[in-house]
Each structure stands twice: as structure tokens, then as C-alpha cells.
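Q: Below, each chain spelled out in residue letters.
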Amino acid sequence: MKQDADTAVTREHGLDLLREMLRIRAFEDRCYQLYGEMKIRGFLHLYNGEEAVAVGAMRALSPADAVVSTYREHGHAIARGISMSSVMAELYGKQTGCSRGRGGSMHLFDAAKRFYGGNAIVAGGLPIAVGLALAARLRHESAITACFFGDGAVAEGEFHESLNLASLWKLPVLFLCENNLYAMGTALERAQAETDISAKARPYGIEAAAVDGMDVFAVEQAVGRAAEKIRRDGGPVLLEMRTYRFRAHSMFDPQLYRDKAEIEAWQKKGPIITLTRRLKAQGLMTEGDYQRLERDARAEVEAAVRFAEESPWEAVSDLERFVYAEHAS
Amino acid sequence: MKQDADTAVTREHGLDLLREMLRIRAFEDRCYQLYGEMKIRGFLHLYNGEEAVAVGAMRALSPADAVVSTYREHGHAIARGISMSSVMAELYGKQTGCSRGRGGSMHLFDAAKRFYGGNAIVAGGLPIAVGLALAARLRHESAITACFFGDGAVAEGEFHESLNLASLWKLPVLFLCENNLYAMGTALERAQAETDISAKARPYGIEAAAVDGMDVFAVEQAVGRAAEKIRRDGGPVLLEMRTYRFRAHSMFDPQLYRDKAEIEAWQKKGPIITLTRRLKAQGLMTEGDYQRLERDARAEVEAAVRFAEESPWEAVSDLERFVYAEHAS
Amino acid sequence: MPSTPPESRPVITYRDAVREATRGAMQADPRVFLMGEDVGRYGGSYAVSKGLLEEFGPERIRDAPLSESAFVGAGIGAALGGMRPIVEIMTVNFSLLALDQILNNAATLSHMSGGQLNVPVVIRLATGAGRQLAAQHSHSLEGWYAHIPGLRIAAPATIDDARFMLGAALASPDPVLLFEHLYLYNMEGQLTRGVERVDLDHAAVRRPGRDVTLITYGGSLHKCLTAAADLAKDGIEAEVLDLRSLRPLDDAAIIASVRRTRRAIVVDEGWRSGSLAAEVTTRIVEQAFYDLDAPVARVCTAEVPIPYPKHLEDAALPSPARFVSAARVVIAGTGAR
Amino acid sequence: MPSTPPESRPVITYRDAVREATRGAMQADPRVFLMGEDVGRYGGSYAVSKGLLEEFGPERIRDAPLSESAFVGAGIGAALGGMRPIVEIMTVNFSLLALDQILNNAATLSHMSGGQLNVPVVIRLATGAGRQLAAQHSHSLEGWYAHIPGLRIAAPATIDDARFMLGAALASPDPVLLFEHLYLYNMEGQLTRGVERVDLDHAAVRRPGRDVTLITYGGSLHKCLTAAADLAKDGIEAEVLDLRSLRPLDDAAIIASVRRTRRAIVVDEGWRSGSLAAEVTTRIVEQAFYDLDAPVARVCTAEVPIPYPKHLEDAALPSPARFVSAARVVIAGTGAR
Ligand SMILES: Cc1ncc(C[n+]2csc(CCOP(=O)(O)OP(=O)(O)O)c2C)c(N)n1
Ligand SMILES: Cc1ncc(C[n+]2csc(CCOP(=O)(O)OP(=O)(O)O)c2C)c(N)n1
Ligand SMILES: [Mg+2]
Ligand SMILES: [Mg+2]
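Residue numbers (our numbering), protein chains in the order written: chain C, 1 to 329; chain Z, 330 to 658; chain V, 659 to 995; chain A, 996 to 1332.
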């Protein structure tokens, strides 16, 4: 990866990636506050520290591709191009949310963007992704399906069944494991007899690689190459994105299972500061540019909050809508 | 394996293994008839061709060890030392059966022999085996748990979860995969992206080997070595027993998925004829010895049939017994 | 309409009817495909799909490995991706391994997404006991599945329904589970002339009667018709109502029949506690309490894992004899008084 | 007995009570161990096992990977092997992944083996809605599990039951599922002086009354007590029956109460169709039809995957207000007439 990651970067491209990561970071930090203010309720899983994975991956995918995500998906949704306003409204539970408010933080959907959620069952999205890829195959479409899941999902039976099925049937699935070293309070080495996740793909005949998930360029290039290979040869690829979650698992997590020092060490390798340092070092960005990007991101978040605040609630009389389709298929 | 399998064999040992295989063969052939006579009903999965696996494995295990089996388990039960009479009575559904007639062919149990069944859900026994091994560990017992399953079970999520758990927790489980190349009508290459089953254990950090499941000595020695290693180091081992089922999957199977030639080729490699040829060639057995063993086996089966015929039915009034325990634990 | 002599229509089995339904749907709609364990080369464990692999090829008649959760989830995903999958779970007994996909994904995606997504997948499952397959292979869980909002549950019990319910299910934008009682596959009969489609929602009176309503579905329908014939010999006219759809339930048909007969016996092959029969009984109490001349009775399966031997299995399952005596009790009005 | 001033007993939470129950059982019996996701270093997702890892070590407070089917099955196997496992499934929502092990193994092994084997495993699950966790994390499936023969299902709803039901469950030779409503963990109260054990089988009258019986369990008990207090203001004396055990159901207690009050409202947080409330209603009809002055009414959760926003979730769930109006209807006798 390294040398790819070092290939010449243009200012536009660098700023674009940084902008996206700053938008997600600003969004997540604001969510943290809003949870304290009880504007957002239920479970809230923040993405701080993992921004490079969502941004690099989405930049390398095409709009026709399908995306299947997890309950830690604000970053995926925003990087996919779902407006902050509709995501924030969803976290408020408002009718203008991307799931009409019915889903909340763990269930963001956008059919038009082929963003299939938002799944709160660990590993529950993998079979769905296999099916979306199967549909593309049977419909002779070139779209691939990108499926995000965490290191914890690797222990589930559905990981095993889905990888085998995707490889056996040569389906265009890109398995993207966000390995942030913990599943709630369970460190990877206490969940897996063998902790090298990318190595787990080979027995299924699936090509795999580990990627520095803190380097947005590395992610973008690895996903780009993988997507290309999948479109060319058919058949799945697995990428292990090595990353780290800066905040607690959820808002209820006292973090008894890891120490500050470890967190701080990772924060030094954070995707935003490293990219910022790099762009400045390469003379592609000034401190002023950075300030502007951050200011714009915060402004966009504030607009999203206002939108959410002002949006209407779904009528209680509509409670039972959407359990079944309202139109024939 | 080969050279082990060729190490000097005594007449006693050779005849003992042959006797056990002939007993199972005679039992299964009689079951086939009895199904035609409608004495045995439900699903019946015969073990013809795979006898070397059950016999070699059971000879290498100790009475204290636990055994978890499948629905194709007549051979396992008989080789474990459960009397043919109680097994046959079970297939008749009689009260004298090893499960009081309630289980039938797919659910043979014998608590005293630590034979934990008899599971009709493919891969359903693997987690149970992990738990039995966990109990032995927590109770500081040296017993291991041998878990039989088929090649079809390898695709199930429980295979993945169970292997990881057993390895992660270093539990004394011996995973015994009876690879007979088919899961019902599905050939291994149509079920698995990668068909080398023993290779699948390594990513879990589990030592594994493929064994000629048609060579009873090879099975016995491989299981003996594996059991020894497990007792010594703790932690599981997986053995892939390469074998073949001579009869249909069940009594309803027209076998559209494989051709006679393949079956005949395997029959030539059958565990009984190869051992017979070998013992004769090495001058360890005469044709007379063979005839006697076969006659004894058939006589034992007939006695078992008589026992089953003469045994009483469970009273209908006892239908609801055993749903809950009748005594405090 | 003038009915022509039955000879003029071929006698087919329920199995043939489901196969024809599958073939017809696949010929008519390229989005339809069949996926499941041994549906292809083996021909289906109940021979329902025999011959279809040759006709449609392995892409559309897709043998799946033993991975219930993954291939059921893949059916859900394929439906999201624009296909109309028919997923065969060999028997309901194995569907437990896929229950997370069915309950947490198929049943919830439409609502969770605010109506953006639909999951037009059809899942076919063989269900029921009676073949001495013992505790792990004899479940009747269709009534249990009917607890889950977001799913539609139906049970074809006749040759016509076996032939046409699949089409109705495929036309539904919602996930549909079709439960086929394994006892019915060999049942022979003729398609009703002129019938070319059926709906998925309405119960059907299979035998009219005035004295008591036997409410049932699936494999138990034919046992109820037998019981009704026996009762008729004593001049008791039992109405037999085939629910057909277990979710949603056709309350109107249930209540209309019970208002007529003022007595009801609910029959299902599920375990008694928490059975579909309990739900039907409760709806009658909620909607027609004052029309009842006797407490509603139910006849269900004994609360035991199904035992292997025939005499014990028979004792555990609902039987016409039990319906007849239940009917006599209800009509004598000597309910729980 | 003379009750001493409450101050003399410490106020504890339901969470503390379950933790104490676990600690006590582990101290008393070396066969007992706790296994589940994040029960150790994390301290339990609802902090129930906080501190136990330090006290008992990682062998007996065993963090499991995300492998519900394997570690629940391992609990079953360990029980067969002579241990007394407490398996914590973080929430009932994830238990679907282990349902095959629970239904096809835990519930059947005793019967299938002709009584040779028992499965003394205790499975603890957080259940229920009300925390805005949305469709996949808000299931109330305890009534659904109560359909399965071979299992015992109980729902501790009080501080005493939280403290002592676990011990009763561990003493049972049969598999027991204990459903802990996530709303109760923070509930505070005092242990009843003199109570040192509870049984697993009997319902308990939590408030006596003569006009109507509110039959409920778990998280809804306290809502029912609130409703009963409101009704009392209008002179309506509601009896509140806490089922405690959902399988088996304490028919005697249910029927005795309904015979007294002649009216019943069954409350549970499950979806309405196929709810435990339907089973309870049916048993009342079967056993006390002629004692009823009005149709039994049930108040359950709306048949929707639970939506995230509070106003919609509240609208979906049973509430004291709904019990009060249901009680008024039942007492006015204007049932389904
Ligand atoms: C099947 C299932 N079991 C348990 C949970 C509870 N849970 C929610 S998130 C989580 C940890 C998942 O970790 P990982 O997959 O690494 O994702 P991360 O949170 O680190 O992004 C757990 C155990 C769940 N949601 N689903
Ligand atoms: C979970 C599950 N799915 C499907 C079945 C139906 N079934 C019974 S045996 C079998 C094939 C199993 O093949 P394998 O594991 O190789 O064992 P073998 O029969 O070859 O000994 C299948 C699909 C089942 N019993 N359990
Ligand atoms: Mg993680
Ligand atoms: Mg096989």
C-alpha cells in the first residue's frame, strides 16, 4: 500500500477527502452533545477515528454500487452523499429523516443512494449484501455491493456462511471489515483464536488484504483496486481496514476495558491530523484552508440541526404505516 | 499416515477391528431390509462404507471421553459399545430402545456410555461438544469430547463459531469430519468454495490432518495421536476422514446426483474388503476366520431383531413423560 | 357454472401443483428464481423441483450449501435488488437457523426504512409431523411465525391453493412464508375448472354447516373434513373453515361463521400453549363473545417434542376422533361449566 | 409478621439484586459459572455482572465472542457435562441466532433421550422496549418462547424475584429462560425481610381487588399497579396478578382470581397476535367461561416493528391509560356485545 498511498496527490483531491472527514467528525461531535441534551436518544455509536474508512471507500465506489452498513454508520451515510440534514433529522426521529424517523441512529436508509442501512444485528448485513450481489449478477449489472462490518462480526456464523456463498457463487461483494480492535469491551484477541482477519478470507478462496485504515489514500486506493478486480473477474474481495474508535462504544460505555494511553497513542495516528499534516507538509494546504473547511463543516452541521429541530414529527395516527407495503410491487 | 498404517498388526487387533466393522455392516444391511418391511420408519441414514471411521475412532477413545454424533450414527453407537439390541429396539421405537423408543434412528443416546446422540440438525452437535469439553476443563477432568459431523456441516455457521470457541478457549474437542463427498445430493465442490476441509481448521489455529477414512488403522492411529495431543496440550484438533457412503443418503433418495461407476470405484476401496485382503495377505486371517466373524455378526443382529420384536411399546399414557425432569437435579 | 365430468381434468398431486406453480412463475417472470438446499440436482427433498434444473439451469435453480441464515438472507437481499426469489427452506425445522434474517430483516426493513424498501421474497417451507421423524424434524411452527408483524403467512391446503398461492405470494411486495404440510405432497386431486388465480388473504368455507365451525388450515383441513363427514352421520352439520392465511387472519370470515353456528372448535397442529388456535379463540371472544352458546374449544398437538414411535406420535397429534368428541362436547354445551 | 421500618433494610436496584443472586450462586456452587458477551471486562451491557470478574476470575466469568449459537450451545453442553451454566444473552433480540440450540437441543434432549439427559442451563436475557432502541432491539419475545415444551420461562418483576429466581432456576434440572425487562434494572426497592428463596412456578397477587383482574408479568407489572391505583380513585378495585412463570402458567391462580372478579384484562408487551395474552385469554375461556361477566380483554403492543421516536414507541406500547380504559369498558360490560 505505502507506495501507492504516497503517489502524487492533487490539492483538490486532498482537500476533498479532508473535507469529507471533517464533515463526519463535526457531525459526530455534535451528536455527542445532542445526546447529552437528550435530543438524540436510544443507542448512539459514534465514528470518530474511523472517518478515513468511510470516506476513502465511498470515494472509490460508484453511485450504482450498493452499500450495506452497520449501526455505526453515520460516517458511511454522510460519505455516501446522504444529506446531513436528513441524517440529523433521523437521529431526532423526525418525519424528514432519511428513514422518516422510524429508524434512528442504527437504521439509516436511502434507497435512491442504494444505501441499504443501518443494521443493528452484528453480521446481519452480510447475507443481505450477498443477495444484493446475487441480484446484480442475475440482472447482468456491473454494480458491486460493499458490505461494512466490524471485527466483532467475524466471530458470527453469518460471516462464515456469507464468505463461502459469495466465493462459491463468484458474487461481486466487497467485504469491508472495520477492525477497530474491540467489539464493545471485547478486544480482538479475546474474541478470535487467530487475530489476522485478512488471513481468514483465504480459506474461502477470497483475495484479501489489510489496509491502514487511518490513511484515507490507502483506503481509497485499496477499495478502488478491489472494486476494479471484482468488476473484472467477478467474485468477492475482503479488505481489513485497521482503524480505531476514539470514543466509547456507545453512550453507555464506561470503557473499563482499555486505557487512556492506548487511546491517545491512536489519536496521534488519527486520519484527520495525519492527512492535515501531510497536505501542509506537501504544501497543498494552508492553515487557512483547514480553518475554512472546519468552519464550513460546523456550519453545515448547525444547519442540519436547525433543519431537524424545525422538522415535524410523524403523526401518531401513522404508527402502523409501512409495516406492509402501501402499493403493489 | 501410510507408513503408520502399515506398522505391524497383530491377529487379535486386526480381527477385532474387522469384527466391529462387520457387525456394523451386518446391522445396517438388516436395517435396510427392515425398512422395506416397515418395521423401521421415519428417516433412516445408513453407514455402509464408513465403518472404518467409527471403529477406528472409538477404539482410540477412552470410556471417559464424551461422544457427540449425527443422524447417521448407528455405527458410532455400536462401535461405542451400545448393544445392538438396544439400538435395534430404538429403531423399532420400543421401550427397551437406548432412548426408550422416543428418539428413533436419528436420536440414539446412552448417558452411561457418554454418547450424547444422535442430532438431526446438521452441525447442531458442534456447540454441544464445545460445551462438554468446557465442562471437562472446568471440572479438571482429562476426558476429551469427540464430535462427529459431515462435510455438509462445514458450511454452517456453527462450524465456524464452534471451532473458534474451542480454539480460543483451548478446549479438549476432537472434531471428526466424515467427508463422504456429498451432503444429500450436493457434492462438496458445489457446497464449498475451497474443498480441502482440513485446511479450514488452520485459520482458527487448530491443528488438522486428512486421514484415509477407508483404512481403519490409519483412523485409529490418527485419532489416538490427536487424543493424546489434546490431553497433553489442551486445545482442539480436527481430523478430516475421507470416506464414502455406499448407500443412498436416506431411504427416499433416488441418487440422481452421482453415477454407479463412482460408487463402484469406491466400493473397491471399501474398508472391509481392503482390511480383509490385507489380513489374509499378511497371513493373519483365514477365509474360515472371516466366515465365522460374518456369521457371528449376522447372528448378533438376528438376536437384536428378536429382542426388538419381543420388546414392549411405551404406554400411550406415558406420552408426556420426560418433557421435564422427573427428579430434582 | 356447468361443471364438466371430472375425468376431463387430469389428476395431479399437490407436489405437481407446487412444481407447476414454480415453473409457471419462472416462465412468466425472469426475476423469479428458486434457491435452496438440494432443489437442483437432487430434485428437492420432497421432489417438488424435480426437472426444473434441466429446464431453467443452475443460475435460476440454485443449489445452496447448508447455510440457512446466509441463503435466506441472500434471498432477502436479492429481493431488495429487484429479484423475486423463491427460497426453499427444506423444512421449517431448519428455519430456526435463519430466524434472525426473517424476523430482524425481512419483517422489519419496510418499516425501519420508512417505507423506502420492500422485501418481495417468498419462502417455502415443508411443515408438520406425522411421518415419524421425531423431535427435531416434526415442528409445526407456522402459527408461531404468524406472531411476527411484517410477514405474511399462508398455508396452501388444497390442490388449487398449491397451484396458485405461490403466484399470489410472488405478486406481494411483502415477504411471504408459505407452509406446505409434508403430508399433503402426495395428495391427489384435480384443479378446479376455471380457477386461474387465488388470493392470499381470505379464508374459505370448505364445507358449509350450521351446528359448529371447525376452524383450521393446512394439513389439518382434511382431518377436519373427515370429522365433519362422521359428524354428519349423527346429523351434526359441521362447517369447516380453511383459514388459508394465518397472517393476516380473516377475522370477518371467522366471526361470520361463528355467528352462524354459535360454536367453534379451533384445530391446529402446533403445540397447544401459544398456538394459533389460542389467537383465533381470543379473537372470537373479543368479537363474538355474546354470540357463543359454548366456550370455544381447541384441539392441538400435545406439549411434547414429537416422539418417534407411531403410537406415541399419533397420540400427540390432533385426530378426527378428537375433533368429533370435542364437537359433541361443545354441542352438548357442557363446556367448562 | 410485624414489619420493621423500611429504613432498616438497604435500598438496592433490580440490577444489584441479579448481581447478588449471581454472586451468591457462584459462591455456593462451584458448578455455576457465567458466560456471555461482555459479562467480564465490560461488566455486562447492563452492568449486572460488574465486579464479578475480579471476584471469580475469567474461567467462571467468561467473556464470549459474538457467537450466540455456539456459546448458548456450549452452555447446553456444559450443563450435560455436569456444570450449572448461567448463559447471558445480552438481549432477547440476539437470541434468535441461538434459537436452534434452544428449541432443538435444550428443549428436546430430555425427551428424545427417554429421560437419560437433563439440561440444567439457565439463560438470562434482557427483554422489552421503551428505550427508543428501534425495531431490531426492542423485542418482547418471552411469550413467544413460552410456546416451547421442555423449556421453563420466568420473568422476575420484583426486587425479591430478581434476587431469588436465579437460584430457583439453577436448582431446576430443566432449561430455564429468565427474561429481565431492561426497564427494571434501575428500579429501586428493598428485599422483603425474611424472604430467602422464591419458587419458579406460582403466580402472585401483587394487589388484591374484587372488580377486575389485571393479569401481567415483568415490565408491565408496575404499569398495571399504576393503573390499579388510578382505578381505585374511582372506586374500582383491580386485582393485579403477576404471572412470574410464563411456562408453565399457573392456571389455578389465574382462574381463582377471575372467578372472584369475573372480569379480566391480560396485559403483555408482546405483539398482539399470538401473544401470551391470547393463551391466557383462551385458558380463561376454557376453564371459566361461565364465570365471566364480560369478554376478556387484552392490551398488548401494536403490531409494528418498534419505531424509534418516543411518541411513536409510546403509542405502540401498552400504557396504564390503556389499561384503565380497558378496565372501564370491561366493567361497563360493554364488551363485544
Ligand atoms: C448478534 C448481536 N449480538 C450482540 C449485539 C450487541 N452488540 C452491539 S455492537 C457489539 C460489538 C460489535 O463490535 P464490532 O463488530 O467490532 O463493531 P464496532 O462496534 O467495533 O464498530 C455488540 C456485541 C448485537 N448488536 N448483535
Ligand atoms: C440445519 C439442517 N439443514 C438441512 C438438513 C437436511 N439434511 C439432512 S442430512 C443433510 C446432508 C448432510 O450432509 P453431511 O453433513 O455431509 O452428512 P452425511 O449425510 O453426508 O453423512 C441435509 C441437508 C438438516 N438436517 N439440518
Ligand atoms: Mg470493533
Ligand atoms: Mg457428507
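Don't read these hints as lab results, they were simulated from the structure.
The beta-carbon is built from N, C-alpha and C at its ideal position, and this holds for glycine as well.
Hints are supplied without guarantee of correctness; some may be wrong.
What the hints assert, rightly or not - Derived EDC-like pairs (lysine to aspartate or glutamate); straight-line CA-CA distance at most 16 angstroms: (1) V/Lys968 <-> Z/Asp582; (2) V/Lys708 <-> Z/Asp582; (3) C/Lys170 <-> Z/Asp562; (4) Z/Lys499 <-> C/Glu189; (5) A/Lys1305 <-> C/Glu189.
Stated by the list, open to error - Label-pair ranges, simulated between beta-carbon atoms: (6) A/Gly1046 <-> V/Pro716: 42 to 48 angstroms; (7) C/Ala8 <-> V/Pro688: 42 to 48 angstroms; (8) Z/Ala441 <-> A/Arg1255: 50 to 56 angstroms; (9) C/Ala209 <-> A/Gln1022: 46 to 52 angstroms; (10) V/Asp951 <-> Z/Ala441: 54 to 60 angstroms; (11) V/Pro716 <-> C/Glu262: 47 to 53 angstroms; (12) V/Tyr948 <-> C/Tyr32: 53 to 59 angstroms; (13) V/Ala686 <-> A/Arg1323: 50 to 56 angstroms; (14) Z/Gln584 <-> V/Glu846: 48 to 54 angstroms; (15) A/Gly1046 <-> C/Ala111: 42 to 48 angstroms.
As the list claims (entries may be wrong) - Here chain A is said to cover these stretches of chain V; the calculated rule only asks that three of the stretch's residues, wherever they fall, bring their Cβ under 8 angstroms from a Cβ of chain A: (16) 732-744; (17) 834-847; (18) 867-874.
Q: Quick check: which numbered hints come out false for this structure?
A: Per hint list: 1, 3, 5, 6, 14, 16, 17, 18 violated.
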